[in-house]
Amino acid sequence: MSKNIRNPLVEVKDLHVEFDVRDGIVHAVDGASFTIYRGQTLGIIGESGCGKSITAKAIMNMVPKPGKMRGEISFHEYSQQNGKEIEEVIRIDTLDPDGQRIREIRGGHIGMIFQEPMSSLTPVFSAGFHIIEAAKLHRFVPLDTIGDTMTKNIEAKRHVTEAEAREIAVDMLHRVGLPNPEQRVDSYPHQLSGGQRQRVMIAIALSAYPDLLIADEPTTALDVSIEAQILDLMRELQETADMAIMFITHNLGVIAEIADEIVVMYMGKEVERSNTIEIFENPQHPYTKSLLGSIPQIGEKEAQLETIKGMVPSPFDLPSGCVFHPRCSDYMPGKCDRVYPDYAEVSEGHWARCLLYDGCWPETSEAQAIKSEAA
Amino acid sequence: MLSFLVRRIFYAIIMLVVVSFVSFIIITLPPGDFMTQKIAELQARGDKSAELRIDEYRERYGLDQPLMTQYWLWASNFIKGDFGLSFEYDQPVATLLKQRFPLSVTLALATTAFTWALAIPIGVFSAVKQYSLGDQIATTISFLGIGIPPFLLALVVLYVAVVKLDQDVVGLFSREFVDASWSLAKVWDLLKHLWVPALIGAITGTAGTIRIMRGNLLDTLGQPFIEAARARGLKNRTVIWRHAVRMAINPLIVILGTETFPGILAGNILVEVVLSLPTMGPLYIEALLTQDMYMAGTVLVFLVMMLLIGSVLADIALAWVDPRIRLE
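Taken in order, these protein sequences are the chains called Y and W.
Counting along the first sequence from 1, when you hit position 345 you're at 345 in the numbering used here, and nothing is skipped either side.
Just add 1000 to the spot in the second sequence (first one is 1) and you have the numbering used here.
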């Protein structure tokens, strides 16, 4: 799988995002912690409204109003200096949301593509304009190209010029497989199809050679054949660019195809994490099991499609104990509705948050008492 | 695009012909006309020479002919630039308009400049800082601005400036410059007077424009491409002005074409009357009151012409700023 898996790129620790709205406080993200490693593809999966997109926005320090963010988000910046690799840790959550540093990370180190390719490009600007805009912010060339640039201290850099940025735009459109990039660079968004627009979005995001690409349901709005093309493209570009991908989706088929490792989220918390094969072959959390059970199987005409009973609870009135217990097929009365499970490693590299596993019982005397009383 | 324009202009011309006919009918509808009145007056005084002159006019404008012939005479002269005679002023309409038109245009330009300079920044601020104290204040003031009739504001300004501050704000020129020929001093004097009606027009016009700007910008700021632009690492200010305002400005362009442009002729007529400005508005009102038919008809046709030209220009401007509108 990934060669750099030991080098963390983005670490999220106990992230909370809350929205104080008229009807109460919504905990969109409620204590999420995970790490994205260099070159890895991390899939984040969950139902609508489980906090996937907000988590992605929090990593960009772009939580929409009136959201408030707590917790730690660290970005590890790796750079070469005098032949040595230097690692610098930047606390994204403490940066000024419109400051210089975060704007270098946004679009520079972390690129993002969105769910809505149809409306993610400003309608009055051409495809090329968007890429040029990004390239002029984040692409640099050595100040002096005469002589041996290899030995020169390459710290002296300048932003690319308009003409160079245009060349980059054409090149990027070519790399994302848009036909006739020389002409397409001047096309306006309404002259492009949905799949072409998403290719343009990818070209914008990749024009700065980011370390991480956050893909927030990038294929949801596209039809299936275009979806396959876009996924292939992302995989192909990832291989050449040594870039990590955080792939957010609610589509199990898509995530199986692209992710190395998967985080399953439910109501703003991660409930399970493991590598892709393990999640599909040996799911531990009842929610993951039900999700996998509710994929239609080809050839099983007779079998009734399994569904997850009940509905996503109201964010203003969360169930006590484990938030999934009212819908859980393994619900243990007297336990699940009273104890909130910890997130623990249930087997090698496989994390879950469910009271079925001893490790997930909190250490508190109260929880331990409930555990022994039921036994 | 070219065929679209040609079609657009063709329709505008047809529209103009229809409107000119309707306005001509309306002008001649009331019983009696300026002529009959004048003739009665002259006959009472027994002024022979004047009666001869009136006969000459009668023939020239076909006043004793059927309505259609009268219209045809008027319309064909109109195209040649002869708009008829103002009976009230006893001067060709064209001469009168020529004096006042440039001043009307200047006033309209000044008003629009004031309006946009106030409304766009305030509207943008209001949208970006939605529900902040500043937004609430701007919203309150703009509702007040919509609520206060401009002529009332003009009266208040007049009272405060003339009675309290002893300032000369009436008209567009000080007394010594009214009949003077153009000079730098006269231009300076004009500017000293112009800002009063321009500001009054701007305050009332700004209110609506702020609301439009705020509403549109709020709409635009909620669009995914704004988030995408921010995720590209652009400064907030760049995102707002380059991506959001650029998208939200379309309705203002339409307003510029369909309200400001005709407004050159009949903008805030009541304000112009209150401040007794030498512009087109008061002339038009007076012509309507005294049945000065050629004067009224001419202004009416020009008004419609401005509206039509304005909307064609707005279409062109829209196509220029928004590629989605450009037609193949």
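Think of the hints as simulated: they come from the structure by calculation, not from any bench.
Please read all numbers here as calculations on a predicted model, not as lab measurements.
Where is the CB? At the ideal position from N, CA and C, for every residue including glycine.
Do not take every clue at face value.
[Unchecked claim] Residues of chain W clear of chain Y, computed beta-carbon distances all greater than 12 Å:
{"hint": "1", "residue": "V1160"}
{"hint": "2", "residue": "R1232"}
{"hint": "3", "residue": "M1247"}
{"hint": "4", "residue": "M1305"}
{"hint": "5", "residue": "I1325"}
[Unchecked claim] Not the full set, but computed from the structure, chain Y residues with beta-carbon under 10 Å of chain W:
{"hint": "6", "residue": "E85"}
{"hint": "7", "residue": "E87"}
{"hint": "8", "residue": "F125"}
| request: Could you check if Y/E85 really has its C-beta closer than 10 Å to a C-beta on chain W? | output: violated (24 Å)
| message | The output says W/M1305 does not contact chain Y. Does that hold with a beta carbon cutoff of 12 Å? | response | Answer for W/M1305: holds, closest chain Y Cβ roughly 31 Å.
| For W/M1247, which was marked as not at the interface, is the minimum beta-carbon distance to chain Y over 12 Å? | W/M1247 is in fact no farther than 12 Å from some Cβ atom of chain Y, at 6 Å.
| Holds or violated: Y/E87 as interface residue toward chain W, Cβ cutoff 10 Å? | Cβ of Y/E87 sits 22 Å from chain W, so the hint is violated.
| Would the hint on Y/F125 stand, with a C-beta cut-off of 10 Å toward chain W? | holds (8 Å)
| Per the stated criterion, does the least C-beta distance between W/V1160 and chain Y lie above 12 Å, as a non-interface residue requires? | holds (42 Å)
| field | Assertion that W/I1325 lies farther than 12 Å from chain Y (Cβ) | value | Nearest chain Y Cβ is 10 Å from W/I1325, so the label is violated.
| message | So W/R1232 supposedly isn't at the interface. Is its beta-carbon more than 12 Å from every beta-carbon in chain Y? | response | Non-interface label on W/R1232 violated, nearest chain Y Cβ at 4 Å vs cutoff 12 Å.
Of the hints listed earlier, those the structure fails to meet are numbers 2, 3, 5, 6, 7, in rising order.
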